[in-house]
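A.B. asks: Sequence:
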Amino acid sequence: MPQNVNDDCPIARAMAVLGERWSMLILREAMQGRSRFSDFRAELGIAPDILSSRLSALVAAGVLEVVDYQEPGDRRRHRYQLTAAGHDAGTVLVALGQWGRRHLPSATDSGLRFVETATSRPVSAVLRRRDGTVVDPAEVVLVPRPR
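Numbers in our numbering are just positions in the sequence shown, counted from 1, shifted up by 13.
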């Protein structure tokens, strides 16, 4: 029996890891190749204690992993890199970015776009049937699992 009413819901479990604002913004930065604490802090303007807490939570959830590095003449430090789960979360970021651009337009849009690394061609998140046919989001509902 689940400890919490939402323990058996994959959306609730994902939101427990990714649903906090800073978590998604850290992932956005990691998707751009940022990996150092100081870089995340500089780009996001986030307090160090909050950043440390969010990075630890993302590492504990298996979204980021810690890799030690050492610059010549400097002490050993941590880098944070995306795991397979972190790269998979990129799909969520693509969908959120599309939704934000479409429904919350801004005159000062950052211009950030998701592109395929090998070709630099833009990518998008779409809903498809198993046969590959694109489905309109308005034609999709969430139903309980068959018992």
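If you are wondering where the hints come from, they were derived from the structure by calculation, not from laboratory data.
Incorrect hints may appear among the rest.
Cβ pair distances, simulated, as ranges [what the hints assert, rightly or not]:
1) 56 / 151: 33 to 41 Å
2) 63 / 142: 39 to 47 Å
3) 100 / 121: 42 to 50 Å
4) 51 / 142: 43 to 51 Å
5) 120 / 89: 43 to 51 Å
6) 144 / 108: 19 to 27 Å
7) 63 / 148: 32 to 40 Å
Heads up, the beta-carbon is just placed ideally off N, CA and C, and yes, glycines get one too.
A.B. asks: Each hint: holds or not?
C.D. replies: Quick rundown of the hints versus the structure:
1. 56 / 151: 33 to 41 Å: holds, 35 Å
2. 63 / 142: 39 to 47 Å: Roughly 41 Å apart at Cβ, these two residues keep to the hinted range, so it holds.
3. 100 / 121: 42 to 50 Å: violated, 28 Å
4. 51 / 142: 43 to 51 Å: holds, 45 Å
5. 120 / 89: 43 to 51 Å: holds, 44 Å
6. 144 / 108: 19 to 27 Å: Cβ of residue 144 to Cβ of residue 108: about 21 Å, so the range 19 to 27 Å holds.
7. 63 / 148: 32 to 40 Å: holds, 38 Å
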